[in-house]
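Please build the complete structure, drawing on both the sequences and the hints.
Protein chains in written order, with my numbering: chain A, 65 to 227; chain B, 7 to 278.
Treat the hints with care, as some may be off.
[What the hints assert, rightly or not] 30 Å max Cα-Cα, derived DSBU-like pairs, lysine-lysine:
hint, chain 1, residue 1, chain 2, residue 2
1, A, Lys79, B, Lys91
2, A, Lys156, A, Lys209
3, B, Lys200, B, Lys45
4, B, Lys64, A, Lys137
5, B, Lys45, A, Lys119
6, B, Lys26, A, Lys79
7, A, Lys119, B, Lys91
8, B, Lys64, A, Lys119
9, B, Lys45, A, Lys137
If you're looking for bench data, these hints aren't it; they were derived computationally from the structure. Keep in mind that this is a model prediction, so the values were computed, not measured.
Residues per chain, in single letters:
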Amino acid sequence: MVTVSMTVNGRQVSKEVEDRRLLVDFLREDLGLTGTHVGCDTSQCGACVVHLDGKAVKSCTMLAAQADGASVKTIEGLADGAELHPLQAAFKEHHGLQCGFCTPGMIMSGADIIARHGSDLDEATVRLELEGNICRCTGYHNIVKAILAAAGEMGGGMKQAAE
Amino acid sequence: MYSLSYRRASSVEEARRLFKEASDAAYLAGGHTLLPAMKQRLAAHDVLVDLGAIADMKGIGVSGDGLTIGGGVTHAEVAGSQEVKGAIPSLAALAGSIGDAQVRHRGTLGGSIANNDPAADYPAAALALAATIRTDGREIAADDFFTALYETALEEGEIVTGVSFRIPETAGYAKFRNPASRYPMAGVFVARHKDGTVRVAVTGAGNEGVFRWSEAEQALSGNFAAEALAGLSVDPDMMMGDIHGSPEYRANLVAVMARRALGSLGSAEAII
Ligand SMILES: Cc1cc2nc3c(=O)[nH]c(=O)nc-3n(C[C@H](O)[C@H](O)[C@H](O)COP(=O)(O)OP(=O)(O)OC[C@H]3O[C@@H](n4cnc5c(N)ncnc54)[C@H](O)[C@@H]3O)c2cc1C
Ligand code: FES
Ligand code: FES
Chain A
65 MVTVSMTVNG RQVSKEVEDR RLLVDFLRED LGLTGTHVGC DTSQCGACVV HLDGKAVKSC
125 TMLAAQADGA SVKTIEGLAD GAELHPLQAA FKEHHGLQCG FCTPGMIMSG ADIIARHGSD
185 LDEATVRLEL EGNICRCTGY HNIVKAILAA AGEMGGGMKQ AAE
Chain B
7 MYSLSYRRAS SVEEARRLFK EASDAAYLAG GHTLLPAMKQ RLAAHDVLVD LGAIADMKGI
67 GVSGDGLTIG GGVTHAEVAG SQEVKGAIPS LAALAGSIGD AQVRHRGTLG GSIANNDPAA
127 DYPAAALALA ATIRTDGREI AADDFFTALY ETALEEGEIV TGVSFRIPET AGYAKFRNPA
187 SRYPMAGVFV ARHKDGTVRV AVTGAGNEGV FRWSEAEQAL SGNFAAEALA GLSVDPDMMM
247 GDIHGSPEYR ANLVAVMARR ALGSLGSAEA II
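Below you can see the structure in the form of structure tokens.
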């Protein structure tokens, strides 16, 4: 067993877990944050994407112990109280989801894409950057639209705002 | 995943010691090859020694004719580095074409080189850029490093601390991706060095892993342009064949990717 301590959505947490505990299971099972999903066994689908020290990572392909001392943000940490994050609002507005299974990962990846590209974002870049996120329902069209709309909405000071 | 003990090393020496103390340890870098294999119980280790906190393995620096990148540097860091973009732009572009954004945030140069997946991107750059693999005990020329599929010259417990790439006069990379796995089905890195020598390395296609295509190197040393490769082909007997493509198909891809690499000097082209 290892003691794992990290900041999750701004809250300091510390738990004793098995060394082999995956970060995604730590979030879902130990912290009850079930917004982060598991969609595959091959590190390809991106349903599990969270931010680790500000960068999008696949939480199914990391041990919780590797995140010891880090700061993690999940889909639950994105909204400001009752007010949706611009990306969440854009997914709703542009019908960026159907079944919703991929959506937490899409939104966390979208925030990372906006944080890295800022206002330079165009459709081709969004499509290329979504390589690691698979959606079985939407055909991606409205996901891309929602991310572009949120990028526009979030404007110039985006690099911080996306976090 | 089977049960294991996790240890985080803060120095190369500590990592070596922790590795030696265990009966069947493995180093854990980005974990993007090792953990998927362990999750599927295709691999098992009693101890994982995490190299991720070793500061000495994280630098990027240019000195003279060499660009040295620490073994712990992630693909995203290589892709975004001004030093790499300035010295060898095609290497930065190659790193930026590996997997997806999330994989690039975790996967490392050392992990990729040590794993020597026959379809990995970096080994092609290491061969074509006459790299020197630096370990905790010695330096190994890339030509002697990649020995067979998933096999390298590394000894038990040896750590790749960094890779020094020779800065070429010009270089380019082109690959054709497997539509499902997204690893290259054939990737060709071409480089013309400052002393006039030409190196051409092929990944993804060879049945013994990454290799130098010497006929192409000869043809290009007179004329470093796609037309010099007209009529040249690799022997299908040297190619992998699987459900994704026959040896003949891969042999053709290699020739096409070599020409495309010459059309992408200073960058990297990833097809589909
Ligand atoms: C979805 C997906 C897509 C991918 N696509 C591509 C692709 O298109 N092209 C490509 O090239 N790769 C691809 N990869 C692989 C990725 O680049 C890996 O990150 C990389 O191959 C291994 O690096 P790592 O740091 O993750 O190593 P790990 O998985 O941590 O380790 C891999 C192996 O190397 C050993 N090791 C690690 N570091 C060292 C070191 N410094 N010294 C000695 N031994 C060490 C480990 O013990 C282990 O055996 C993909 C991976 C995934 C999950
Ligand atoms: S669950 Fe993590 S990539 Fe699919
Ligand atoms: S909305 Fe169903 S998988 Fe994307």
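Hints and how they fare:
no. : hint                   : verdict
1   : A/Lys79 with B/Lys91   : violated (42 Å)
2   : A/Lys156 with A/Lys209 : holds (11 Å)
3   : B/Lys200 with B/Lys45  : violated (45 Å)
4   : B/Lys64 with A/Lys137  : holds (24 Å)
5   : B/Lys45 with A/Lys119  : holds (23 Å)
6   : B/Lys26 with A/Lys79   : holds (29 Å)
7   : A/Lys119 with B/Lys91  : holds (21 Å)
8   : B/Lys64 with A/Lys119  : holds (17 Å)
9   : B/Lys45 with A/Lys137  : holds (24 Å)
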